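J.: For reference, the chains in residue letters:
Number of protein chains: 4
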Amino acid sequence: MNTFGTLFRLTTFGESHGPALGSVIDGCPAGVPLETARIQAALDRRRPGQSTITTARSEPDQVEILSGVFEGKTLGTPIAAIVRNTNQRSGDYDKLKAEDRPGHADAVWRERFKHRDHRGGGRTSGRETLCRVIGGTIAEAYLERQFPKVSTVAWVSQVGDLVSAVPELGLTRAQVDEHPTRCPDPVVREEMSRRILVAKEAGDSLGGSIDVRVEGLPVGLGEPIFGKIKALIAQALGSVGAVTGVVWGPPDLLERIAQPGLQFHARKDTYGGIQGGLTNGEPMFLRVYFKPPATLADHAKGGRHDPCIMPRAVPVLEAMVSLVLADLALQFNAWPHST
Amino acid sequence: MNTFGTLFRLTTFGESHGPALGSVIDGCPAGVPLETARIQAALDRRRPGQSTITTARSEPDQVEILSGVFEGKTLGTPIAAIVRNTNQRSGDYDKLKAEDRPGHADAVWRERFKHRDHRGGGRTSGRETLCRVIGGTIAEAYLERQFPKVSTVAWVSQVGDLVSAVPELGLTRAQVDEHPTRCPDPVVREEMSRRILVAKEAGDSLGGSIDVRVEGLPVGLGEPIFGKIKALIAQALGSVGAVTGVVWGPPDLLERIAQPGLQFHARKDTYGGIQGGLTNGEPMFLRVYFKPPATLADHAKGGRHDPCIMPRAVPVLEAMVSLVLADLALQFNAWPHST
Amino acid sequence: MNTFGTLFRLTTFGESHGPALGSVIDGCPAGVPLETARIQAALDRRRPGQSTITTARSEPDQVEILSGVFEGKTLGTPIAAIVRNTNQRSGDYDKLKAEDRPGHADAVWRERFKHRDHRGGGRTSGRETLCRVIGGTIAEAYLERQFPKVSTVAWVSQVGDLVSAVPELGLTRAQVDEHPTRCPDPVVREEMSRRILVAKEAGDSLGGSIDVRVEGLPVGLGEPIFGKIKALIAQALGSVGAVTGVVWGPPDLLERIAQPGLQFHARKDTYGGIQGGLTNGEPMFLRVYFKPPATLADHAKGGRHDPCIMPRAVPVLEAMVSLVLADLALQFNAWPHST
Amino acid sequence: MNTFGTLFRLTTFGESHGPALGSVIDGCPAGVPLETARIQAALDRRRPGQSTITTARSEPDQVEILSGVFEGKTLGTPIAAIVRNTNQRSGDYDKLKAEDRPGHADAVWRERFKHRDHRGGGRTSGRETLCRVIGGTIAEAYLERQFPKVSTVAWVSQVGDLVSAVPELGLTRAQVDEHPTRCPDPVVREEMSRRILVAKEAGDSLGGSIDVRVEGLPVGLGEPIFGKIKALIAQALGSVGAVTGVVWGPPDLLERIAQPGLQFHARKDTYGGIQGGLTNGEPMFLRVYFKPPATLADHAKGGRHDPCIMPRAVPVLEAMVSLVLADLALQFNAWPHST
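Protein chains in written order, with the numbering used here: chain A, 506 to 844; chain B, 506 to 844; chain C, 506 to 844; chain D, 506 to 844.
It should be emphasised that the hints constitute simulated quantities derived from the structure, not laboratory data.
For clarity, every value in this text was computed on a predicted model and none was experimentally measured.
Heads up, some of the hints might be wrong.
One copy or any two copies: either way a pair holds, since identical chains are not told apart in the list.
What the hints assert, rightly or not - Each computed SDA-like pair below joins lysine to any residue, with the alpha-carbon atoms no more than 25 Å apart:
(1) K578 with S630
(2) K578 with N838
(3) K654 with N838
(4) K773 with A707
Whole structure, please, built from the sequences with the hints as guidance.
T.: Printed below as a string of structure tokens:
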């Protein structure tokens, strides 16, 4: 199941060490302004080698649009975009061919599919997430037309046991990108950086959490029962490899649910922007937990090591949320309101 | 979107105060033993009025199978089962007709659909979950044949700020049902009961968490990328009204992710039975967070009040997990392994 | 796969001799006027025993709406409707239990599903089509609101080797129903009647064709490539048991395609209302071929015999076409046009 | 809707004059032998310029596999394959930019999508069918493993008013390819060729029919109700642009249905290999009607003209049938049989 969405559909393909990875986006309406440069910029936020605190691999991740766009606008036809794998040092991985990497899904995949693409983890590689960033960027291009006020911004809110303060509304992606940790809290982010470098040095790794906030949403986005926005977002975020938990609501929600209901329901922000499975017009808030990555140094000496994937996962989560929003926006159009 | 699943598909229908609610299960293989009594027993675990700590409504929730079963076995055709609404005291709700209930999704639903079924919340009512229990029970009947060792057991692990100890492996549903809280921890459950009764008296309510554990799983259940078992389970659980968070992993996972990776990955149970999006053969562990219910006493005087829905949500979560497992079991069959 | 449609979805259930058959329609917008009497009237056009030329079985086929409708309007929630089987003379069929009925799918179904519901053919029975009529009627109720000019009318155009003239535009269902053959051609229909009665007497049966015409369609209904209106209609009609062929276009299309292109394309009605997979604003025309039914008298003595099912299949084909149109109408809404 | 299939899914993309066309095949099991050369050979059967009787355009249609195949075997991951458009003489089409081509879907597409990709018809171009040939070839590679005896062979059975005799069972694709018309009847094919050349000269075009026969099928392929093999095949074939009719059954079926049932059902080949919506183990037979192409000479002088597309459509229909069979084969695996 490499397709996500009902009306705005993303299909992804590509192994981390095959010829190319790519995405097909089907269902994007015609006439949406879309430049290759926009997708490229989004991929550049995800790619490795952006700073000293991520992996040293520096894949250029050059995107090429193959279809669905003409003279800077979408045609309403499927948009295909690919990224060639240029940095296929599969020699690095050859030594791993025979052995399973601990913490990796290698053993379970081989049990299931009776083969293992030893070339860098195949589809289980985090590299697959670039396909989602392509899809999410196109989703955002479309959303801008239908709901111009919507903005989705994610940031790193926890690294190891260091926790960020909650930023004010109105935070921008540019502000998040100002620091390589993608944590907007000036108080803790320096220490986060330092810890990441220490972990890198030690062949260790760090988990934590990313917060996602969507401002400017209309009321009523979501579909009944199994199409509730929180169900779809949970699927979207749960499909990202290292994610181990999702909470729909403000950062202190897990403490708040220990409160009695009268206290809990006294504040409207308690719902994280979702009621009855639909958006309620307030900012939507999600907290997404990450386990520390499993690619540890002794095994990754040949392979390349990313001690803390969360800074690079920020655009991936934004992409997944935008894909859900675009899909629900089209469904919102589909069902005409009674009078 | 009132259908869940790809190959084992549940479609639910029915308003809480209309003539009936029901389910259609499409994709259940032929020849699976299935008695009405089994579904009835499952519904009895969910229905209100089971004990003093839940709502006083005592709906009999009598199930009738309309199709798909013949002489105690499934036919391979769609299984339809319905429950008539006999206790439609809609007069109770008439007084609510004009006003929105605070904390309820009434306002957002009316904004979206330009109408509101004032008769007890319509589809947003928790009563809808009985349809899921029907579906989940059939899913379990099928799973027993394909993976006889699989057992899914959920229990209440937190009420307000009271937290249960983690029970040993091998816990049964019968053991969970021994106490009205459905908490297996003899130390805290009496206090949980007491708190729930106090909340009921005060017109207040309590949230917390439910843990779900699946033992006896084979290796390799799950599909790549968007069909990862954790993505599908997140959608399944996120579709339940009061659920506000899902964590895939052991009860202390949110503390563990603050640990460095070398420490985190040292224990195999850290993965909660899921690696690379597939089951790894270990017990699967989920923690599901609930907010306190919004039906508060002053508004619910006419309507009826359930101060803590979690004891009754236990079979609903088990049902949702079983639906995912049955769907993935069929997909497991679909793709033949290479040799 | 007992569900049809992407956004306007029909799920059907029920064996011909089980407790009940029924339909769940998911995706019908809220606020559409819908009375039980309208569905009942549609079922009455399909039910057996309407005239001397069909089977003598006289099932009342009383429909009951279980959900999704309140005070005469749809709620936007799934609409479930059932028909109880009251005329279950399964004793009639008991004698057939051990033997396969020639021309019936019994053997292939048993080979596939390792069982056979001997009670009247189970789901392969033509009785299953009443579920489609329920769905199609709801589709039409919705279409009336979105495209008030659309009208779908089918009629019997061939019985054995007797062929009807093509009726003028504007033909109504009431006019079609004036004669038990549902053939609007006064010249041939008396002879058709006579032939059907002769076949009935002789334990023989007759095939032929039904024509379907949709007037009042907007331009542009249909989706690219695999969602072309002709692809979806072909699936819809091909799912009806006795249908053996579908031609999109006017009654003489199979002769016309022998003409050179310059001649063929000189007349706009040559396209049957479909170009590039989308409606072109002209009347849509379909010819649907039926094989003679396989339930022959010697075997059906106990079971009951319908020598020519086409008069009763007329509302079924109308229903299937309306389901496709409603689904495409919602998709038409979904994708906003560029400016 | 640019995706076809439930478990074996083809997604196609690409405009006829954009950078590339391509396909993503999701759901092909792992370990299936697949060489680029096999796909290339299939594309070469479809490409223009194969003989004097088709269009003079000679696109090389070089396929490149981007993912899903490693060391000559499928990985179980999505298989992406693309064909670059090298022969983009869009200047030819510039003169058509302002005017709609008669018989073309240009007007209806512009009405629907408010734009028209004047570069050769965009997605409505027959060039899109190369994506289906890619998908169908992979479907066949998989089918060979699961049902090694299955062979799907199509041929041109009618050109204008010239009708071919029905070839013996066991006909091969190589035999069909021996003549540029792809008609296996040595008596009529020379005259067919001659007529096509005359039409080409005159700026005229010819329609007719293609027959498809599948030998070696197992019993029981197909799913109940809306997944009947004839429903899915009808959708698959109805999605091909120039197809105007589909008949499931032997070449003389439309005459046979005028016969009384006792006569009709006396021969088992009357069912065309399908009973109750499932394969019955006999050869499956389909007749597919084509209208004459609309690209007429005066308009196509700049664009390039194919007077009779059927010889090139033969591999496209084979591909569509194979895609349905592969999808049903996986579904056949999914539902375990009862005992």
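J.: Against the earlier hints, flag every one the structure doesn't satisfy and list their numbers going up.
T.: Of the numbered hints given earlier, the structure breaks none, since each of them holds.
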